[in-house]
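Hey, can you work out the whole structure from these sequences and the hints?
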Amino acid sequence: MMQIGVQTKNVVYDIHPEEGFSVLQRAGFTCADFSLNSYLLNTSLYQLERNGFFDKSIHELEKYFKPHKNGADAAGIKINQMHMPYPVYVPMANKELNDYLWKEVAPKSMMICAFFGCSYIVIHGCKLAHFLGSEEEEWKRTEQFIESIAPLAKDLGITICIENLYDSIAGHLVEGPCCDVIKAVERIDRINEKYQAEVLGFCFDTGHANLVGIDFESFITGLGDRLKVLHIHDNDGAADLHQIPFTFTKNRENLASTDWAGFIRGLRNIKFNKVLSFETAPVISTFPDLMKLDTLSFIAKIGQYFSGEIKL
Amino acid sequence: MNIICAPNGIVDIERSGQGITDIVKSGFRDVLLDVSLVCSPNELKNLGKTDIKKNIRKVRVSNNPSELHNSLIPMLDRCSQAQLNTTIAYAPYLERSSKDECYNQLLMQLAEESIKACKSAESQAIIIRPLFSGVKQEDVWLENKNYYLHLARIASDHNVMILLENQCRDLNGHLVRGICSDGKTAAQWIDRLNEEVEEERFGFCMDVGVCNLCGQNMYDFVLSLGNRLKAVILRDCDGHSENALLPFTCVNKAQPITDWLSLIRGLRDTGFDGSLILNFSDTASSFSPILRPELMKLAMSVANYFKWQIEIENLLKKYQSIVLFGAGNMCRNFMKCYGEEYPPLFTCDNNRGIWGTEFCGLEVKSPDSLLELPDNCGVFICNIYYREIEKQLLDMGIQNIEFFNDEYMPSYFFDRLGDK
Numbered sequence: 001m002m003q004i005g006v007q008t009k010n011v012v013y014d015i016h017p018e019e020g021f022s023v024l025q026r027a028g029f030t031c032a033d034f035s036l037n038s039y040l041l042n043t044s045l046y047q048l049e050r051n052g053f054f055d056k057s058i059h060e061l062e063k064y065f066k067p068h069k070n071g072a073d074a075a076g077i078k079i080n081q082m083h084m085p086y087p088v089y090v091p092m093a094n095k096e097l098n099d100y101l102w103k104e105v106a107p108k109s110m111m112i113c114a115f116f117g118c119s120y121i122v123i124h125g126c127k128l129a130h131f132l133g134s135e136e137e138e139w140k141r142t143e144q145f146i147e148s149i150a151p152l153a154k155d156l157g158i159t160i161c162i163e164n165l166y167d168s169i170a171g172h173l174v175e176g177p178c179c180d181v182i183k184a185v186e187r188i189d190r191i192n193e194k195y196q197a198e199v200l201g202f203c204f205d206t207g208h209a210n211l212v213g214i215d216f217e218s219f220i221t222g223l224g225d226r227l228k229v230l231h232i233h234d235n236d237g238a239a240d241l242h243q244i245p246f247t248f249t250k251n252r253e254n255l256a257s258t259d260w261a262g263f264i265r266g267l268r269n270i271k272f273n274k275v276l277s278f279e280t281a282p283v284i285s286t287f288p289d290l291m292k293l294d295t296l297s298f299i300a301k302i303g304q305y306f307s308g309e310i311k312l
Numbered sequence: 001m002n003i004i005c006a007p008n009g010i011v012d013i014e015r016s017g018q019g020i021t022d023i024v025k026s027g028f029r030d031v032l033l034d035v036s037l038v039c040s041p042n043e044l045k046n047l048g049k050t051d052i053k054k055n056i057r058k059v060r061v062s063n064n065p066s067e068l069h070n071s072l073i074p075m076l077d078r079c080s081q082a083q084l085n086t087t088i089a090y091a092p093y094l095e096r097s098s099k100d101e102c103y104n105q106l107l108m109q110l111a112e113e114s115i116k117a118c119k120s121a122e123s124q125a126i127i128i129r130p131l132f133s134g135v136k137q138e139d140v141w142l143e144n145k146n147y148y149l150h151l152a153r154i155a156s157d158h159n160v161m162i163l164l165e166n167q168c169r170d171l172n173g174h175l176v177r178g179i180c181s182d183g184k185t186a187a188q189w190i191d192r193l194n195e196e197v198e199e200e201r202f203g204f205c206m207d208v209g210v211c212n213l214c215g216q217n218m219y220d221f222v223l224s225l226g227n228r229l230k231a232v233i234l235r236d237c238d239g240h241s242e243n244a245l246l247p248f249t250c251v252n253k254a255q256p257i258t259d260w261l262s263l264i265r266g267l268r269d270t271g272f273d274g275s276l277i278l279n280f281s282d283t284a285s286s287f288s289p290i291l292r293p294e295l296m297k298l299a300m301s302v303a304n305y306f307k308w309q310i311e312i313e314n315l316l317k318k319y320q321s322i323v324l325f326g327a328g329n330m331c332r333n334f335m336k337c338y339g340e341e342y343p344p345l346f347t348c349d350n351n352r353g354i355w356g357t358e359f360c361g362l363e364v365k366s367p368d369s370l371l372e373l374p375d376n377c378g379v380f381i382c383n384i385y386y387r388e389i390e391k392q393l394l395d396m397g398i399q400n401i402e403f404f405n406d407e408y409m410p411s412y413f414f415d416r417l418g419d420k
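Residue numbers (UniProt numbering), protein chains in the order written: chain A, 1 to 312; chain B, 1 to 420.
Please note that the accuracy of each hint is not assured.
[Claimed, not checked] In silico BS3-like cross-links for lysine-lysine, where the CA-CA straight-line distance does not exceed 25 Å:
hint	chain 1	residue 1	chain 2	residue 2
1	B	K99	A	K250
2	B	K136	B	K184
3	A	K140	B	K336
4	A	K78	A	K63
5	B	K136	A	K250
These are computed hints drawn from the structure, not numbers from a lab.
Right, dumping it as structure tokens:
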């Protein structure tokens, strides 16, 4: 059986985090995706606002997260991946805010990741193609960011994971950064070669891929062992809903409109043996609180199903 | 760059006169020879079924592919009378939800007959979709390679270029990326096929609607294809349902849903000089036939606008020197993207408060300065109040007035002047 994980958001809270990890354990999870991005929200950053959470020293941050680490350990939950706050660059913001994101938030996130003994941290590439003219120019900015934290990643034994993202054209969600698997492979290999370490990997997000009609099987197969972490969730192909796999259908035969068979084949092709991690925090707020354990258990069951199919 | 009107929704194949007249009167000089007008996806879907509602005397091309050319003759005659070219043809195709392999032999015959029809229609190229129905993922390339190479022999005899087209795939009602939807793969297909036939027999037609349905980066798509791209089908849709709407009509909160910026940037960067095929069949069908002639004129303007945007640098090259009118965001964008290559002599503005100042490295002058311009100097209006300023300049006796536009620039500043 493969390891199965889920986001900590909406389950693990700062007050008594051990209770949340215990819930995850009882639901059938063995791993967790620590939602570090909850501490500095993208919605605020796009409003050019920020809180002072990452003003804390690394010592203070480690002290802050000590109960979380202890709670996870006590429940036998491994924090295998976490999400760095994003965006890492706000086009409309002044230098001060962008410097803060690169020079304070990013390195401290890396150190928190190491504090949890977590090997993978997911970042969002810069969404700047509109301004800079092309995805290639946009990537240069993302690569500058990666270069700014790659030495630290090497020192800490962490792999930074780029994720396939979407962008919005008048509300229509379209391909964003890191949606070209051939480019992703070249970039990951080149940067890892430069640092002589696996400082860069990939996070495949099923929901984002579904929004822009990416072929799951060929994308995952193309990534091969560069695929380090997953964000498994479902949507209607129109909005980034982060729902439970197999939820959506579009025809009268009521067959799934997301290519879960392709997802399984892709992971099978590359002999994926890492964590099947669900990014389904919104599901937890949709269902009644009293059903939280049942809901999480159902998600874990789907993970078990995937595991069985991949290992066939 | 050639502009072509797709006839769907405009021309009734049984009685093509009015539709052809509407097309010609709106200024189009070329119409797509869409063979699906005589053999529709619906007809293919209902292959072998008896249609009791329709005219039973009508020959079904799907039952008798050799009748394909005869079925097109009335429309071709009308086109000929109206001096309307049919530079590009489009072979019959299946509905995207089709899964049965039984159609593929028939599609081969229909494609063969369509290529033959190109000769009398004087079509130089034909768009032929790849085979997909009932084709296993691992066999897609091989089956299509054999299919296209077979067709290439006939195409060579008739001196017609075969254009492959990007496809989406129906995944239980969700349209996702299909065959040739990856630009790099599509380019490889074209190259390998051309290598096999040892001539440039194959090219590519990009369906913007399909790219939009799959949320694709159209800039990268165009760049991947480069000069293999011979035609672009311009059509709008909401990104979820497959429709062919007039570009700029599918909007949300006053913004177009299709990423026209990315497309235009790509076509400009590759120096695209092929055919722009405007397909707005769903818009045309939904308009009353009474209003359609007016819609057609708008469609022609839209097509010309794309051509103008793609070739915008040609305008700048036209003059020995240029000046700008306007000292705001559009002037700033001009200077960012074109200022170095096409340095204006100065800019002018109606705001007397800024006369004598410098803006983006240009001296801002009074409009009266335009009266002393050298010969062959273009005056580019960099202000959205085009017609108002144009009238002002015409009243002053200024010549060589041009419009500049910064809606589809190669790049942008992160901010706009006046933003808080």
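Here's how the hints hold up against the structure:
no.	hint	result
1	B/K99 x A/K250	holds, 17 Å
2	B/K136 x B/K184	holds, 21 Å
3	A/K140 x B/K336	holds, 19 Å
4	A/K78 x A/K63	holds, 19 Å
5	B/K136 x A/K250	holds, 23 Å
In summary, this structure violates none of the numbered hints.
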